[in-house]
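The listed protein sequences correspond, in order, to chains F and D. 199 is the number that my numbering gives to position 199 of the first sequence; each next residue is one higher, with no gaps. 318 is the number that my numbering gives to position 318 of the second sequence; each next residue is one higher, with no gaps.
Please keep in mind that the hints were generated in silico from the structure rather than gathered at the bench. A couple of the hints might just be wrong.
One copy or any two copies: either way a pair holds, since identical chains are not told apart in the list.
[Stated by the list, open to error] In silico DSS-like pairs for lysine-lysine, Cα to Cα no more than 25 Å straight-line:
1. K121 with K344
2. K346 with K208
3. K25 with K100
4. K220 with K193
5. K253 with K277
6. K48 with K25
7. K24 with K100
8. K330 with K100
9. K162 with K48
10. K162 with K121
11. K330 with K25
12. K121 with K100
13. K193 with K208
Protein chains: 2
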Amino acid sequence: MEWLYDPIENPDVHFASLARQHQKKLSKPQGSLGQLEDIVIALAGMQKTIHPVLNRIWVSVFAADHGITTENVSAFPQTVTVDMVRNFTEGGAAVNVLSKFIHAHFEVIDVGLSQTLDLPKLIVDKLSQGTANFLNRPAMNIDQLEHALNAGKNAVTRAVSKKSQLFVGGEMGIGNTTSATAIACALLNQNPKVLTGSGTGLTEEAIKHKTNLIKQALLKHRKNLTTPLEILQFLGGAEIAALVGAYIFASQKQLPVLIDGFIATIAALVAIKVNPKVRRWFFYAHQSGEQGHQFILEELNAKPLLDLSMRLGEASGAVVAVPLLQMACKLHNEMATFEQAQIKLK
Amino acid sequence: MEWLYDPIENPDVHFASLARQHQKKLSKPQGSLGQLEDIVIALAGMQKTIHPVLNRIWVSVFAADHGITTENVSAFPQTVTVDMVRNFTEGGAAVNVLSKFIHAHFEVIDVGLSQTLDLPKLIVDKLSQGTANFLNRPAMNIDQLEHALNAGKNAVTRAVSKKSQLFVGGEMGIGNTTSATAIACALLNQNPKVLTGSGTGLTEEAIKHKTNLIKQALLKHRKNLTTPLEILQFLGGAEIAALVGAYIFASQKQLPVLIDGFIATIAALVAIKVNPKVRRWFFYAHQSGEQGHQFILEELNAKPLLDLSMRLGEASGAVVAVPLLQMACKLHNEMATFEQAQIKLK
Chain F
1 MEWLYDPIEN PDVHFASLAR QHQKKLSKPQ GSLGQLEDIV IALAGMQKTI HPVLNRIWVS
61 VFAADHGITT ENVSAFPQTV TVDMVRNFTE GGAAVNVLSK FIHAHFEVID VGLSQTLDLP
121 KLIVDKLSQG TANFLNRPAM NIDQLEHALN AGKNAVTRAV SKKSQLFVGG EMGIGNTTSA
181 TAIACALLNQ NPKVLTGSGT GLTEEAIKHK TNLIKQALLK HRKNLTTPLE ILQFLGGAEI
241 AALVGAYIFA SQKQLPVLID GFIATIAALV AIKVNPKVRR WFFYAHQSGE QGHQFILEEL
301 NAKPLLDLSM RLGEASGAVV AVPLLQMACK LHNEMATFEQ AQIKLK
Chain D
1 MEWLYDPIEN PDVHFASLAR QHQKKLSKPQ GSLGQLEDIV IALAGMQKTI HPVLNRIWVS
61 VFAADHGITT ENVSAFPQTV TVDMVRNFTE GGAAVNVLSK FIHAHFEVID VGLSQTLDLP
121 KLIVDKLSQG TANFLNRPAM NIDQLEHALN AGKNAVTRAV SKKSQLFVGG EMGIGNTTSA
181 TAIACALLNQ NPKVLTGSGT GLTEEAIKHK TNLIKQALLK HRKNLTTPLE ILQFLGGAEI
241 AALVGAYIFA SQKQLPVLID GFIATIAALV AIKVNPKVRR WFFYAHQSGE QGHQFILEEL
301 NAKPLLDLSM RLGEASGAVV AVPLLQMACK LHNEMATFEQ AQIKLK
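Sequences are here, hints too, so could you generate the full structure?
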C-alpha cells in the first residue's frame, strides 16, 4: 500500500493566478459570479491552463455488502445492495439518469458484494464477499483492505486512460452509513450521538440502536484504531476503502475530484488523514440531509456547492453539481471581456 | 392595467398528488432526492401532468436607464447599461453563455434606455427614455408605468407562442439596485439600512450615501406610496415594472416562473402584492450576495435552490439553476420504480 503515500503535487498557482486575472477582465462586476469564479480559478490551477474545460466526466460507483447489516442498522434489507447493483447496470437508478443528463461515463464496480453476479456491464474487482460484522471482528483483513484501495486506484486508471477531466466517486452498500459514521467518529474522536443519522430512513428508536452499536464497536476495537488505515480496515466498508484509494490516486494523477455526500465526505476525510495534500484536488458537491454531514464538512473547512437535502448516495448529489462546474468553465471561456465588448467603465 | 388583476388559477393538486405518489415508487429511499422531489411535484401541478418536462426555456432580459444614476449611486457609469445591451445582442454577456449552455431562447428588450439603439437583435418596447431621478420627481408617469408592465406581458406572450415551459426574467440597468431597494423598503415598511447593499461594488461610504438617498426619496414621496403600483411608479425602474408585468401574466397563462436574484425577487414581491396568487407559479433560483436579499426571501417564505454568492443580475443566477429543475424532471420521468427494477424491500 506504499503508493498511498506517493507525493501529490499542488495545483499550479501560476495558472490559477492567470485565470483570476482573466476573470477581472470579463464583462461583469468583479466577483459577481461568486463561487463560480472560485471554481474555475481552482480548475485552472489543476488543469494547468487559463481556460479549463470539463467535457469528459467519469463516474465510478463502488458497491459492497456489510456484515453489520445483521444487526438491523438499515431500513432496507441487505439484498437491496445487489438489487441496486443490477439496477445500475440496467440504467434505472438516479445516478444513471443524472450521468446520462451530463453525458458522463458511468461504471459500477463490485468491490465486495456477498454474491457473484453475472452482469455484462458490472466490473468485478474484489477479494471479499462482504465485510465481517465489525461489532465482533475487524470488517476486513489487511489483504481485503489493500484490494479495495486498489480497486479505487484501478477505476481512476481507467478514468485517466480516457482523458477524463473530473472524477466523481459514489457508493452503494446497505449498512454503509453505520460503517462510515463509525469511521468518522474514530478519526475525529467524536461521540456517535453527534454523527449518527437516519441513513435510508430509520426511526428515532432505530437511530438510537445504531448509535449504541457504533459505540460498542468503537469500544471493542479501540486499541486497533490508531491510524486512518486501521480505522478503515476495522470499521470497514470495501466501497469506502475503494473511494479512499480512488481519491488519493486521482490526486496523484492531478485529476480533479468532486466529492459526493455523507459517505464520500468521510472517505475524503480518510484520504486526507492518509495523504493530506489530496485536499487540494477536491471540490465538495453538496451538503446532504444526513445528520453529521455538516459537522464533517466544517471539520474539513469545506463549502459545498449545493444544499438540496439530498441523501441518496451513489454519487447522485455530486453529479447534480457537475453542471455548475461546467457553467463556471463556459462563463470563463466564452464571456466577452470589457475590452472586447467595448464597455467604458469611466 | 386591469389585466393585472385577472384571475390566476392554482396549480392542479390532483396531478401534484399523482407525481408525489410516483416519487414514492422510484428506486430510492423516500424523500432522498430532497428539494428535487419538491420541484417536480410542483411542476406536475403547474403543467397538469404526472410527467412534467422542461425542454423549452425562455429567457427575457429587460433593460432600462435610471435617472437616479445622476446621484452617483453605482460603481459603474450609466452608459454601461447601453454598452451591456449591445453585449447581450452580441452574445458576450454571462446570461448569453449560460442560455446557450441550457439551450434556452434568449431575448433582450429595451423597455426604457436613454438612447435609441439600432441593433437588429434588440427588441424595443418603450415609452420612456430612462426614468426621472426619483429623488426629485416620480420615476415614471402612469403611462410609462403601464407601458413597461405591458412590455413584460408582451415578452410572456412571445414565450407562450413558442410553447415555452419555463419563464426566466432578468434585468439590466445601472442604478437599479437603488430603485429596487427603495421599492422593497416602501412595500415592507423597512429601514433602508437593512436592505441597501453594494450593488455592482460600492464602498462602505458609497453605500451610506445610497442609503441616505433612498431615505430621502421615501420621505419625499411618502404620501404617494400607498399601493404597490404607486410605489413601482414613483420609485421606478421600467425594467422592474416589466418583470412585474411578466411575472403576473406568466402566472395567468400558467407558465412556471423562475425568479432570479435581488431585483427580480423585489419585482416578484411587487407582483405578489398586486395579485397574490402569482406566488404559486414561482420558483426561487438563488440567494444572491446582495445585502437585503435574504431578508426579502424570508419575507416571501422562499427557499432558493442555490447560494453561490452570485450578484450579477441579468437572469444569470436563475439560468444557473435551470439544470437542477431539468434534472428533477429527468429523475422523475426516467428512473426505474422498485417494481420495474425488481427490488424487494422486505
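Each hint tested on the structure:
1. Within a single copy, K121 and K344 get their C-alpha atoms only as close as 57 Å, which misses the 25 Å cut-off; across copies the closest is 22 Å, which meets it.
2. Taking CA atoms no more than 25 Å apart as the test, K346 paired with K208 passes between copies only; the shortest distance there is 22 Å, against 64 Å inside one copy.
3. For the identical chains of this complex, K25 and K100 are inter-copy neighbours only, at 21 Å across copies versus 35 Å inside a copy, given an alpha-carbon limit of 25 Å.
4. For the identical chains of this complex, K220 and K193 are intra-copy neighbours only, at 17 Å inside a copy versus 58 Å across copies, given an alpha-carbon limit of 25 Å.
5. Taking identical chains as interchangeable, the C-alpha atoms of K253 and K277 lie at most 25 Å apart only when both belong to the same chain, with a minimum of 12 Å there against 54 Å between chains.
6. Proximity of K48 to K25 under the C-alpha cut-off of 25 Å is restricted to the intra-copy arrangement: shortest distance 20 Å within a copy versus 45 Å between copies.
7. Taking identical chains as interchangeable, the C-alpha atoms of K24 and K100 lie at most 25 Å apart only when they sit on different chains, with a minimum of 22 Å there against 34 Å within one chain.
8. Proximity of K330 to K100 under the C-alpha cut-off of 25 Å is found in both arrangements, the shortest distances being 20 Å within a copy and 10 Å between copies.
9. Within a single copy, K162 and K48 get their C-alpha atoms as close as 18 Å, which meets the 25 Å cut-off; across copies the closest is 43 Å, which misses it.
10. Taking the shortest alpha-carbon separations for K162 and K121, only the intra-copy value of 18 Å comes in at or below 25 Å, while the best inter-copy value is 41 Å.
11. For the identical chains of this complex, K330 and K25 are intra-copy neighbours only, at 15 Å inside a copy versus 37 Å across copies, given an alpha-carbon limit of 25 Å.
12. In this assembly of identical chains, K121 and K100 lie within 25 Å of each other by CA distance solely inside one copy; the values are 16 Å within and 34 Å between copies.
13. Within a single copy, K193 and K208 get their C-alpha atoms as close as 8 Å, which meets the 25 Å cut-off; across copies the closest is 47 Å, which misses it.
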